[in-house]
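Chemist: Letter by letter, the chains look like this.
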Amino acid sequence: MTTASGPTTAPAGAAAAAPAGEALLSLNNVEVIYDDVILVLRGLSLEVPRGKVVALLGSNGAGKSTTLKAVSGLLPSEHGEVTDGSIVFDGQDITRMDAAQRVRQGMSLCMEGRHVFEHLTIAENLVAGAYISKDSAEDLEMVYGYFPKLADLRNRVAGYCSGGEQQMLAIGRALMARPTLLMLDEPSLGLAPLLVEEIFGYIRRLNEERGLTVLVIEQNAQVALDVAHHGYIMEQGRIVLEGPAEELQENPDVKEFYLGLGEEGGRRSYRDVKHYKRRKRWL
Amino acid sequence: MSTFLNLLAYGLADGAILALAALGFVLIYKATGVINFAQGEFLLIGAYLMYTAWVVMGLPMVVSVLVGIVAATVVGVLVERLILRPMVGEDPISIIMVTIGLAMLLKAVVQMFYGTNPRSQPAILPTGSVSFLGATLPVNRLLVVVIAAVVLTAFTLFFSRSKHGIAMRAVADDQQAAMTMGISVRKIFALSWALAAVSAFIAGVLLADLSAVDQNIASFGLMVFPVVILGGLDSVPGTIVGGLTIGLLTQFVSGYLDPGLATVIPYVVLVLILLVKPYGLFGETRIERV
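Quick mapping for you: the protein sequence lines, in order, are chains A and B. Residue numbering for the first sequence follows our numbering, starting at 115 and increasing by one per position. Residue numbering for the second sequence follows our numbering, starting at 81 and increasing by one per position.
Simulated from the structure, these hints should not be mistaken for laboratory data. Don't be surprised by glycine CBs; every beta carbon is placed ideally from N, CA and C.
What follows is a list of derived Cβ distance ranges for each label pair:
{"no.": "1", "chain 1": "A", "residue 1": "Gln206", "chain 2": "B", "residue 2": "Met167", "range": "25 to 35 Å"}
{"no.": "2", "chain 1": "A", "residue 1": "Arg324", "chain 2": "B", "residue 2": "Val154", "range": "43 to 53 Å"}
{"no.": "3", "chain 1": "B", "residue 1": "His244", "chain 2": "A", "residue 2": "Glu322", "range": "27 to 37 Å"}
{"no.": "4", "chain 1": "A", "residue 1": "Gly304", "chain 2": "B", "residue 2": "Thr343", "range": "45 to 55 Å"}
{"no.": "5", "chain 1": "B", "residue 1": "His244", "chain 2": "A", "residue 2": "Glu195", "range": "23 to 33 Å"}
{"no.": "6", "chain 1": "B", "residue 1": "Leu352", "chain 2": "A", "residue 2": "Arg270", "range": "34 to 44 Å"}
{"no.": "7", "chain 1": "B", "residue 1": "Ser174", "chain 2": "A", "residue 2": "Glu195", "range": "19 to 29 Å"}
{"no.": "8", "chain 1": "A", "residue 1": "Gln206", "chain 2": "B", "residue 2": "Ser174", "range": "33 to 43 Å"}
{"no.": "9", "chain 1": "A", "residue 1": "Gln219", "chain 2": "B", "residue 2": "Ser240", "range": "26 to 36 Å"}
{"no.": "10", "chain 1": "B", "residue 1": "Ala234", "chain 2": "A", "residue 2": "Glu136", "range": "45 to 55 Å"}
{"no.": "11", "chain 1": "B", "residue 1": "Val230", "chain 2": "A", "residue 2": "Asn143", "range": "58 to 68 Å"}
{"no.": "12", "chain 1": "A", "residue 1": "Glu226", "chain 2": "B", "residue 2": "Met167", "range": "22 to 32 Å"}
Isolated chain A, as found in the complex (with noise of 0.2 Å):
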């Protein structure tokens, strides 16, 4: 088990503990490059088994949000691209597949800060999340069954909308297109504590009860590991530590570095994490 090692001795690849289950994502040593120079991603790989809820952690600047944008297809548009490596997705290679076709293979991305269409009505946000699929009205009483809230405010304007509204029609219009594997980029931000838990509390649900997969960037990794079967941490671009949610919940340089708990469990301040961290990287 490669978590028994500390999270800048583990092995770039850290492929030996991949999670048990037939992967419906696996990404195999990927490297992103942003406008011919900046190296992102150096050899990322990771795998999310059918069915789970994989959690993927780090820092700022880790290249999560990369990772899942190198997944969605959206490199080009930011200019950026996958030069090495492959991804794929349901038996079948995407590297280079076409952003939009990958949303009808069956993926759907939620993206960093929400983007809801802010002129558009809750209801139209829905309608333009069904763009690929013929039939919709099943799916829409779908996400109103498990967003109630948003079936009361269907006619307002999404852009005034609060934050955790938005974060909901983000979630119930990237249910729209019928994904099997959906994926979130900090879904936390920007949300009070108490509305975290509940956006946790819908992952879950949805995970268990649709049997959706899930894959989800979170700096809060408290909330995101006790959702999470399975967690990556990065680091400058590569997995440093893998395992079940359980035992990285435990392991202790995960509690220093982003749970912020001590040796003893006791909270530590930010002040101390940030130099340990600091100190830890240098050595």
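Using the hints provided, position chain B relative to the given structure of chain A.
Modeler: Quick look at chain B alone, frame taken from chain A:
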């Protein structure tokens, strides 16, 4: 009173055509962010497409209209594919220069085939007149208002009800997010140019029927700028309000004050609006939550 009603009818008809022309401009700006200086020439192309199908090729009128709409769609898609798509990501000024070049190109193509003399074409709309409260009102101008109202309503419904209309607005709002819904941004761009060309075709044909099939149609099209600046560059309702305002204003100024002043007044409005309300009356406000 009869002068007033007459000017009202003429102003509404002009305004309705302007609204249609401006609709195409707004569609392109809203969905693709391109300021299309060739909108007037799209009207010109529309009028000459109708002339080609109806008078030159001798097709029945209704068939000519359908052929014209199809041809306009093709022109719109080709312009997007061949001229605008290579410019994606370029400086806005470069794109504006390209559309100015496109305007000259389209005008030159028309001159190449038909020269600069006006062409005569049989009337499409009935030319009689009706008496109303002592005024004699031309039937064709009233019908133009009705046709424009129907077309504008159809477009409005398309944007609020249909999946593709909503997808177009979604792309206008947030291109990247639209891509994550499987919406092909390229297709939406092509669709906006096609719809713009079709609305310009209708405007061009109506205008040619009221005046003549000649180069002046393009200069009438230049008036879309005061219209869209007044209504807001990205507002569909704004094109209707802006179009009617400019249409009525020019007719009333021309009738009651001075016809010379009437040709200038739209641009006076343009300058005043830019000074007072630069985003126009209905220009999209950026939504900011606090």
